[in-house]
Amino acid sequence: VQLQASGGGLVQPGGSLRLSCVASESVINMRIMTWHRQAPGKERELVARVTSDGSATYYRDSVKGRFTISRDNAKRTVYLQMNSLKPEDSGIYYCAARRPYYDDYDYWGQGTLVTVSS
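Quick note on numbering: the sequence shown equals residues 179 to 296 in the numbering used here.
Check each hint, because a few of them may be wrong.
Below are the DSS-like pairs computed for lysine-lysine, each with C-alpha atoms no more than 30 Å apart in a straight line [claimed, not checked]:
id: 1; residue 1: Lys-264; residue 2: Lys-220
id: 2; residue 1: Lys-264; residue 2: Lys-242
id: 3; residue 1: Lys-253; residue 2: Lys-242
id: 4; residue 1: Lys-242; residue 2: Lys-220
Rather than coming from a laboratory, the hints here were simulated on the basis of the structure.
Since we're looking at a predicted model, the values are computed, not measured.
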């Protein structure tokens, strides 16, 4: 299974971006889907998570109220809508998938770069 992330770019503080992650196979529809990010010199961190049916989500505190994760299983796609972006949101954003009740991620996307700067 391959995950293809896209939608990154350069945006001014306060702006918005929508990231997409498309899976090559529908097996992803049974996976919990996540977005992570990694800023230069920092460890990768979990940003948001959505269950396989989209019924439950999780966000790290710093993005609550600004980011929204969603998925469209018919399109094998997960989205991350990012609003009110801040410079500290900059980094490479990765999508990843794991099975419910497992800690390890079995599929990772290649990453898309988000730069928030004036």
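Cross-check of the supplied hints:
1. Lys-264 / Lys-220: 17 Å, holds
2. Lys-264 / Lys-242: 13 Å, holds
3. Lys-253 / Lys-242: 26 Å, holds
4. Lys-242 / Lys-220: At roughly 20 Å apart (the allowed maximum being 30 Å), Lys-220 and Lys-242 satisfy the hint.
Checked against the numbered hints listed earlier, the structure breaks none of them; every hint is satisfied.
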